[in-house]
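Chain order of the listed sequences is A and B.
Counting in this note's numbering, the first sequence runs from 1 upward without gaps.
Counting in this note's numbering, the second sequence runs from 1 upward without gaps.
It should be emphasised that the hints constitute simulated quantities derived from the structure, not laboratory data.
Be aware that a few hints might be false.
Which bits of chain B does chain A cover? Going by a derived footprint, with three or more residues having C-beta under 8 Å, they are [as the list claims (entries may be wrong)]: (1) 30-43; (2) 73-80; (3) 115-126; (4) 335-344.
Distance windows between CB atoms, simulated [as the list claims (entries may be wrong)]: (5) A/D152 x B/G111: 31 to 41 Å; (6) B/P372 x A/R148: 31 to 41 Å; (7) B/A9 x A/E171: 31 to 41 Å; (8) A/K262 x B/H169: 38 to 48 Å; (9) A/D103 x B/L284: 48 to 58 Å; (10) B/A145 x A/A268: 30 to 40 Å; (11) A/M12 x B/T273: 34 to 44 Å.
Glycine residues also receive a C-beta, built at the ideal position from the N, C-alpha and C atoms.
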Amino acid sequence: MRERGYWLALAMSRIEKRFAALKAESRAGLIAYLVAGDPDLDTSTKLFEGVAAAGADLIEIGMPFSDPMADGPVIQAGGLRALQNGMTLRKTLALVRHLRARDADTPYVLMGYYNPIYRYGAEAFAEDAAAAGIDGLIIVDLPPEEERELADPAERAGLDLVRLATPTSDEHRLPTIVKRASGFVYYVAIAGITGTRSADADNVHRAVSQLRRFTDLPIAVGFGIKTPEQAAEVAKAADAAVVGTALVDRLAQNLDSAGKPKPGLVDAVLADIAALASGIRTVRK
Amino acid sequence: MQTPNTYRAGPDPDGHFGLYGGRYVAETLMPLVLAVEEAYNAANADPAFKAELDYYLKYYVGRPSPLFLAERLTRHFGGAKIYLKREELNHTGAHKINNVLGQVLLARRMGKRRIIAETGAGQHGVATATACALFDLPCVVYMGATDIARQQPNVFRMKLLGAEVVPVHSGTATLKDALNDALRDWVAHVDDTFYVIGTVAGPHPYPAMVRDFQCVIGDETRSQLHEAEGRLPDTLVACIGGGSNAMGLFHPFLDDPSVRMIGVEAGGSGIATGKHAASLNGGLPGVLHGNRTYLLQDDDGQIIDAHSISAGLDYPGIGPEHSWLNDLGRVEYVSITDREALDAFQLCSKLEGIIPALEPAHALAHVAKIAPALPRDHLLVMNMCGRGDKDIFAVADHLGVKL
Chain A
1 MRERGYWLAL
11 AMSRIEKRFA
21 ALKAESRAGL
31 IAYLVAGDPD
41 LDTSTKLFEG
51 VAAAGADLIE
61 IGMPFSDPMA
71 DGPVIQAGGL
81 RALQNGMTLR
91 KTLALVRHLR
101 ARDADTPYVL
111 MGYYNPIYRY
121 GAEAFAEDAA
131 AAGIDGLIIV
141 DLPPEEEREL
151 ADPAERAGLD
161 LVRLATPTSD
171 EHRLPTIVKR
181 ASGFVYYVAI
191 AGITGTRSAD
201 ADNVHRAVSQ
211 LRRFTDLPIA
221 VGFGIKTPEQ
231 AAEVAKAADA
241 AVVGTALVDR
251 LAQNLDSAGK
261 PKPGLVDAVL
271 ADIAALASGI
281 RTVRK
Chain B
1 MQTPNTYRAG
11 PDPDGHFGLY
21 GGRYVAETLM
31 PLVLAVEEAY
41 NAANADPAFK
51 AELDYYLKYY
61 VGRPSPLFLA
71 ERLTRHFGGA
81 KIYLKREELN
91 HTGAHKINNV
101 LGQVLLARRM
111 GKRRIIAETG
121 AGQHGVATAT
131 ACALFDLPCV
141 VYMGATDIAR
151 QQPNVFRMKL
161 LGAEVVPVHS
171 GTATLKDALN
181 DALRDWVAHV
191 DDTFYVIGTV
201 AGPHPYPAMV
211 RDFQCVIGDE
221 TRSQLHEAEG
231 RLPDTLVACI
241 GGGSNAMGLF
251 HPFLDDPSVR
261 MIGVEAGGSG
271 IATGKHAASL
281 NGGLPGVLHG
291 NRTYLLQDDD
301 GQIIDAHSIS
311 AGLDYPGIGP
321 EHSWLNDLGR
331 VEYVSITDRE
341 ALDAFQLCSK
351 LEGIIPALEP
361 AHALAHVAKI
371 APALPRDHLL
381 VMNMCGRGDK
391 DIFAVADHLG
401 VKL
C-alpha cells in the first residue's frame with residue numbers, strides 16, 4: 001500500500017502542490033506575468049521557456065486583447081505588439097502546449113479578458129486550455145455576477161477560476177467573491193490599472209489579513225509591485241507576489257526603434273525575474 | 001424565440017436583456033456599479049428627483065422639443081407624412097443633455113464631486129461639461145485623439161465650459177478607446193467620481209438608466225402626435241451609434257404592435273467593404289465595455305475599428321437592449337452609407353432650413369428610401385437628434401469645399 005500522501009498529491013492540482021511546497025519552504029512565491037506573443041511569438045517562447053528556471057514559482061500568461069481596460073499603458077502596449085505580430089488565443093494555447101511539454105510542474109495561469117474566450121466558446125476553451133496544460137484562469141472583466149458560463153465549464157475541466165479581491169471589496173462584497181473561489185485568491189493591491197502606482201505595504205498587510213478571515217486559499221498580491229524590495233515587503237503578508245508591468249517594461253526597453261527585439265532582451269527580463277525571486281526568498285515565514 | 005408579453009419590462013434584476021447586457025466590469029468597479037444601481041432605484045422612487053429633473057428639462061433644456069411637420073420633405077418624397085422630433089433644438093444642440101442632467105443630478109444625490117465622461121462627436125462631452133458648469137462640478141472628458149482632430153468646435157466648447165478634455169491615444173484613438181480610458185479613470189478614482197455614460201451601453205444599470213432618461217423623447221412624441229393627428233405614428237426612424245436617441249424614441253411605443261420601428265446604423269463605405277460602424281448588420285455578439293452585445297470583431301474576438309463619417313456613430317458596439325430587440329425582430333435595423341448621409345444632410349438643409357447633424361442625416365437618408373412608397377396618410381416620425389453646426393467643417397471637407 002502506498003502512503004496517504006502519495007494519493008493526496010495525485011489528487012492535488014499543480015497550483016495546490018506549488019503553494020504546499022512554498023509553505024514547506026516557509027516562503028512566499030513569485031508569480032511572473034508576461035504577455036503571450038510579446039513582442040513576437042519566437043521571442044516570447046524563448047522568454048517563457050526561461051521564466052521558471054529564473055525563479056518564478058507560478059507563471060501568468062497574458063492573453064492579448066484589443067481593449068484591455070484594466071491595464072495601464074505598458075501592458076496595453078505589450079498586448080498591441082503581440083496582436084500586431086499575429087498573436088491569437090489559439091496560438092497562445094499552442095504556446096502553452098509547447099511549454100507544458102518541457103515543464104510538468106510549474107502552474108500556468110491565463111490572464112485576460114472575456115471576449116476572446118466567448119468568441120472561442122467558453123466550453124471549448126476550458127477543455128482546450130486544460131488539455132494544453134493550463135491550471136487556472138484570471139478573467140478581469142468577469143465578476144461573480146457573470147462568471148457562471150465560464151466557471152461551470154472551467155470547473156468540469158479541472159481549471160481554477162481565480163477570483164479577484166480589491167481595495168473596494170468590503171466585508172459585504174468579499175463573501176460573494178470567495179464563494180466559488182479556487183486555486184488562490186488574487187488581491188489587486190491598488191484601486192487602479194496595472195503598473196500606474198505602487199502598492200502601499202501597510203494597506204496590503206491589512207487587506208490580506210482581512211481577506212484571510214473569508215478564505216483559507218492562498219493569497220497572491222499584484223498590481224503595483226515593481227522592485228525586489230516591494231516584492232519582499234508583500235511576501236511578508238501574502239503567499240505570493242505578482243509582478244507584470246515591470247517585466248513588460250523591461251522587455252519594451254530592449255526593443256529597437258523598429259520594435260524588434262535587441263539581442264539581450266531575453267536575458268534582461270530573466271535577470272529581473274531572478275532578482276525578484278531572490279528578493280522574495282529573503283523573507284522567511 | 002418566444003415573444004414576450006411586454007417589450008418594456010427589461011432588464012431582469014441582474015441587468016440582462018435576454019442574452020445581452022449584464023455587468024462585465026473589473027471587480028474594483030463592481031461595488032460602484034451596484035451603488036449606482038441602488039441610488040438610481042431610490043431616485044426613481046422619489047418624486048422629488050423627478051420634479052427636479054423636470055424643472056431643469058423645462059427651464060434649462062427648453063423641453064418639450066417640438067414635433068415639426070416637415071412639409072417640404074413630405075412633398076419632396078411624395079409619400080408618407082414626415083414629422084421631425086426636434087431634439088436638435090435642445091440646449092447644447094442634441095438629445096444628449098436629457099440623459100446627462102439625469103445622471104448629474106443622480107451624482108449629486110450620491111455625493112459624488114467629480115464627473116467623468118467619454119465622447120465621440122463631442123455632443124455628449126459638451127452636454128456633460130454644460131451640466132457640470134451648471135452644478136459647479138469638476139468635469140473630465142475623455143476623447144479619442146482622432147475625434148479631437150475632426151471635432152475641433154466641440155473641443156473648444158467643452159474647454160469654454162470649464163471641462164478638461166483628455167486626448168486618448170491608446171488603441172485606435174476613437175470613441176471605444178475613450179470609453180476604455182474613462183473606465184480606467186473610474187477604477188483609479190473610486191471614492192469621489194461618477195461616470196456619466198453617454199449612451200444606452202455599459203454595465204447595468206446604465207443601459208436601462210440612460211434609456212429611462214431618454215424616454216422623454218418618445219413620451220412627448222406620443223402626446224404631440226396625438227394632438228396633431230389624433231393617433232399613433234405608423235413608423236419611427238432614428239439613427240444608432242450606441243443607440244440612446246433611438247431607444248428614447250422607440251421604447252414608449254414598443255408595446256404598440258402597429259408601430260413599425262427602424263434603427264439606422266452607420267454603413268460607412270458599405271457593409272461589404274468592412275469599413276462601417278454597423279454592429280447589428282455586420283457584427284457578432286461579444287463582451288465589451290461592461291455589457292454583452294453585438295460588436296464588430298474578428299474571429300479571435302479582437303475588437304475591430306468602426307468607420308463612419310459621423311464621429312457620433314463611430315462605435316463598434318451598440319446598446320444591449322437594441323441587440324435584444326434585433327434578435328426578437330421587434331425593431332428593424334438597417335444601414336446607410338457615408339455618401340447617402342451626406343446627400344440627406346444637404347437635402348434637409350435646403351428643403352427645411354434645418355442643418356442636421358451627420359448622425360440624424362443617416363436616419364433621414366433611410367426615410368428618403370422608404371417614404372416615397374408609403375401612402376400619404378402614413379405618419380412617419382424621424383428623430384432629429386442633433387444639429388449640424390459641429391459637422392460643417394467635416395462636410396465641407398468631404399464635399400471638397402475649402403472654408
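Now for the hints, and whether the structure bears them out:
Against chain A, the stretch 30-43 of chain B contributes 3 residues with a C-beta closer than 8 Å to a partner C-beta. That satisfies the three-residue criterion, and the hint holds. With 0 residues carrying a beta carbon less than 8 Å from a beta carbon of chain A, the stretch 73-80 of chain B misses the three-residue requirement, and the given coverage is violated. Requiring three or more residues with a Cβ within less than 8 Å of a Cβ of chain A, the coverage given for the stretch 115-126 of chain B is violated, as only 0 such residues are present. Only residues whose C-beta sits within less than 8 Å of a C-beta in chain A count toward coverage, and the stretch 335-344 of chain B has 0 of them, not enough to reach three; the restraint is violated.
With their beta carbons about 39 Å apart, A/D152 and B/G111 fall inside the hinted range of 31 to 41 Å. A hinted range of 31 to 41 Å is violated for the C-beta pair B/P372 and A/R148, which are about 50 Å apart. For the pair B/A9 and A/E171, the beta carbons lie near 34 Å from each other, so the given range of 31 to 41 Å is met. The beta-carbon spacing between A/K262 and B/H169, approximately 25 Å, falls outside the hinted interval of 38 to 48 Å.
Between A/D103 and B/L284 the beta carbon distance is about 36 Å. The supplied range of 48 to 58 Å is therefore violated. Distance hint for B/A145 and A/A268: a CB-CB separation of about 32 Å, consistent with the stated range 30 to 40 Å. A hinted range of 34 to 44 Å for the beta carbons of A/M12 and B/T273 is inconsistent with their spacing of about 54 Å.
Figure legend: structure checked against the earlier numbered hints; hints not met, in rising order: 2, 3, 4, 6, 8, 9 and 11.
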